[in-house]
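Just so you know, the protein sequences line up as chains A and B, in that order.
When you number the first sequence by my numbering, it's gap-free, plus one each residue, and the end is 201.
When you number the second sequence by my numbering, it's gap-free, plus one each residue, and the end is 66.
Just so you know, the hints here were simulated from the structure itself, not pulled from any lab data.
Treat the hints with care, since some could be wrong.
FRET-style restraints, in silico, Cβ to Cβ [as the list claims (entries may be wrong)]:
| # | chain 1 | residue 1 | chain 2 | residue 2 | range |
| --- | --- | --- | --- | --- | --- |
| 1 | A | Ser119 | B | Glu32 | 20 to 28 Å |
| 2 | A | Arg59 | B | Leu52 | 42 to 50 Å |
| 3 | A | Leu144 | B | Glu46 | 45 to 53 Å |
| 4 | B | Ala23 | A | Arg59 | 52 to 60 Å |
| 5 | B | Asp37 | A | Pro53 | 55 to 63 Å |
One-sided excerpt, in silico: chain B residues whose CB lies under 10 Å from chain A [claimed, not checked]:
| # | residue |
| --- | --- |
| 6 | Phe13 |
| 7 | Leu50 |
| 8 | Lys55 |
| 9 | Asn56 |
| 10 | Leu61 |
| 11 | Asn64 |
Calculated lysine to aspartate or glutamate pairs in the EDC-like style (CA-CA distance at most 16 Å, straight line) [to be verified]:
| # | chain 1 | residue 1 | chain 2 | residue 2 |
| --- | --- | --- | --- | --- |
| 12 | B | Lys17 | A | Glu2 |
| 13 | A | Lys20 | B | Asp4 |
| 14 | A | Lys135 | A | Asp31 |
| 15 | B | Lys55 | B | Asp20 |
| 16 | A | Lys152 | A | Asp96 |
| 17 | A | Lys74 | A | Asp26 |
| 18 | A | Lys74 | A | Asp159 |
| 19 | B | Lys17 | A | Glu17 |
| 20 | B | Lys7 | A | Glu17 |
| 21 | A | Lys97 | A | Asp148 |
| 22 | B | Lys7 | A | Asp26 |
| 23 | A | Lys48 | A | Asp23 |
| 24 | A | Lys128 | A | Asp159 |
| 25 | B | Lys19 | A | Glu2 |
| 26 | B | Lys7 | A | Asp159 |
| 27 | A | Lys74 | A | Asp31 |
| 28 | A | Lys157 | A | Glu120 |
| 29 | A | Lys179 | A | Glu129 |
| 30 | B | Lys7 | A | Glu27 |
| 31 | A | Lys188 | A | Glu155 |
| 32 | A | Lys185 | A | Asp148 |
| 33 | A | Lys97 | A | Glu60 |
| 34 | A | Lys74 | A | Glu60 |
| 35 | A | Lys135 | B | Asp20 |
| 36 | B | Lys55 | A | Glu2 |
| 37 | A | Lys152 | A | Glu191 |
| 38 | A | Lys185 | A | Glu155 |
| 39 | A | Lys152 | A | Asp26 |
| 40 | A | Lys74 | A | Asp96 |
Here the structure is a predicted model, which is why all the values come from computation and not from measurement.
Where is the CB? At the ideal position from N, CA and C, for every residue including glycine.
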Amino acid sequence: MESFLTQIVVSQSRQVEFSKGLDALDEITRDSLKGRRINSRLGNWFAKNNNVPEDERLRESEILAIAGMLGQIKTGLDVSDPESRKLADEIDRWHDKGIIPRRKLILKMKPSEEEPGISEKFAELLNKEAEYFSKDLDNKKHLLSLLDDVLKSAEAKEDTIYIHLAGSIIYFLKMRGYKVGPFVKRLKEIEGNKLESPHAY
Amino acid sequence: MRTDAGKAYFSAFRTLKEKDYPATLGFLKSAEIQFADDLDFRILKETTRLLLAVKNEISGLENNLK
Numbered sequence: 001m002e003s004f005l006t007q008i009v010v011s012q013s014r015q016v017e018f019s020k021g022l023d024a025l026d027e028i029t030r031d032s033l034k035g036r037r038i039n040s041r042l043g044n045w046f047a048k049n050n051n052v053p054e055d056e057r058l059r060e061s062e063i064l065a066i067a068g069m070l071g072q073i074k075t076g077l078d079v080s081d082p083e084s085r086k087l088a089d090e091i092d093r094w095h096d097k098g099i100i101p102r103r104k105l106i107l108k109m110k111p112s113e114e115e116p117g118i119s120e121k122f123a124e125l126l127n128k129e130a131e132y133f134s135k136d137l138d139n140k141k142h143l144l145s146l147l148d149d150v151l152k153s154a155e156a157k158e159d160t161i162y163i164h165l166a167g168s169i170i171y172f173l174k175m176r177g178y179k180v181g182p183f184v185k186r187l188k189e190i191e192g193n194k195l196e197s198p199h200a201y
Numbered sequence: 001m002r003t004d005a006g007k008a009y010f011s012a013f014r015t016l017k018e019k020d021y022p023a024t025l026g027f028l029k030s031a032e033i034q035f036a037d038d039l040d041f042r043i044l045k046e047t048t049r050l051l052l053a054v055k056n057e058i059s060g061l062e063n064n065l066k
C-alpha cells in the first residue's frame, strides 16, 4: 500500500507543483479583491509561470481556474498606472493564448410576475455584505482594520456595495464611542468620486 | 477563486510525499465534500485510511510485545 501511494505521488508530482502556483495566484486574487496592492507579487507569479499557457498538459479545470482568477484581478487593476497597465496587458496576452474563462450560460426566461421590491433588494444587499464580511472574520482583525480593508475595496472597485458596508461599519463604531472622523472623510471622498463616475449606482 | 476542498486535495499530495499519512487523511476528509464522486480520490482516501489502520495495528502489537 505504501509503495502504491508513493507511485501516486510520483504520477501527480507535476500536478502538485502546479497547485502551488494556483494557490499563490489564489492568494493574490483574494488580496486584489480586498483592494490591496498586488502588482509586485503578480509580476513575480507571471515570471515563474511564464510557460504555463504553452503547457499542453494543462487541464480544462486548471485553465478555467487561472482564467477566472486573472479576470478578477484585472477588474481591480488601475490601468492609468503604467505598472498595472503592463500587468493588464500580460493578462490579455494569456487570454489570447487560450487562458479564457468559460462563457457563462445565460438562460433567458420571462420575467417573473413579481419583481423584487426595494425591501427585498435591501435584504439581498445585507446578505451579500454579510457574506463578504464573514470571509475576513476568521483573521481576528479589529473592526477598524476591517473597515480600512473595506474602504480600500470601495476605492478600487466599481461595486458600490463597499461604500454601503463602510458606512454601516462607521455608524456602528460611532454608536460605540469610537472616533470615526478620518474614516468619514475618506468615505465621503470615495463616494464623491464614485458618484461622478458614469457607473455609479 | 479556488475552493477549500480543492486546496485540501493538493495539500494531501504534499503531505503524502512526506509520508505524513495522518495529515494526508485529514486533508482528504476535508476534500471529500467536493471529490466524493471521483474514483481516483476514493481509491487514494481508502488506501491511506487502510494503511494508517494497518500501521496503528502493527504499532499496537509492537507495544504489547515490549
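Is the Cα-Cα distance between Lys74/A and Asp26/A 16 Å or less? Measuring from Cα to Cα gives roughly 13 Å; hence the hint holds.
*Does the alpha-carbon distance linking Lys74/A and Glu60/A stay inside the 16 Å limit?*
violated (21 Å)
Does the alpha-carbon distance linking Lys152/A and Glu191/A stay inside the 16 Å limit?
holds (12 Å)
Given Phe13/B was flagged as interface, is its beta-carbon under 10 Å from a beta-carbon of chain A?
Because about 4 Å separates Phe13/B from the closest Cβ in chain A, which is inside the 10 Å limit, the hint holds.
Note to self: For a C-alpha distance cap of 16 Å, please report whether Lys7/B and Asp26/A respect it.
What the structure shows: holds (10 Å)
Going straight from one Cα to the other, do Lys55/B and Glu2/A come out at no more than 16 Å? holds (10 Å)
Does the structure keep Lys74/A and Asp159/A at a Cα separation of 16 Å or less?
holds (14 Å)
Does the hinted range 52 to 60 Å hold for Ala23/B and Arg59/A at CB? violated (25 Å)
Original post:
Is Lys7/B close enough to Glu17/A, meaning Cα to Cα at most 16 Å?
Top reply: With Cα atoms ~12 Å apart, Lys7/B and Glu17/A stay inside 16 Å; holds.
Proposed proximity, Glu60/A with Lys97/A (alpha carbon, max 16 Å): With Cα atoms ~14 Å apart, Lys97/A and Glu60/A stay inside 16 Å; holds.
Does the structure keep Lys135/A and Asp20/B at a Cα separation of 16 Å or less? violated (30 Å)
Next item in the hint list is Leu61/B. Is there a CB on chain A closer than 10 Å to its CB? violated (17 Å)
Against the hints set out earlier in the document, violations occur for numbers 1, 2, 4, 5, 9, 10, 11, 16, 21, 26, 28, 29, 34, 35, 39.
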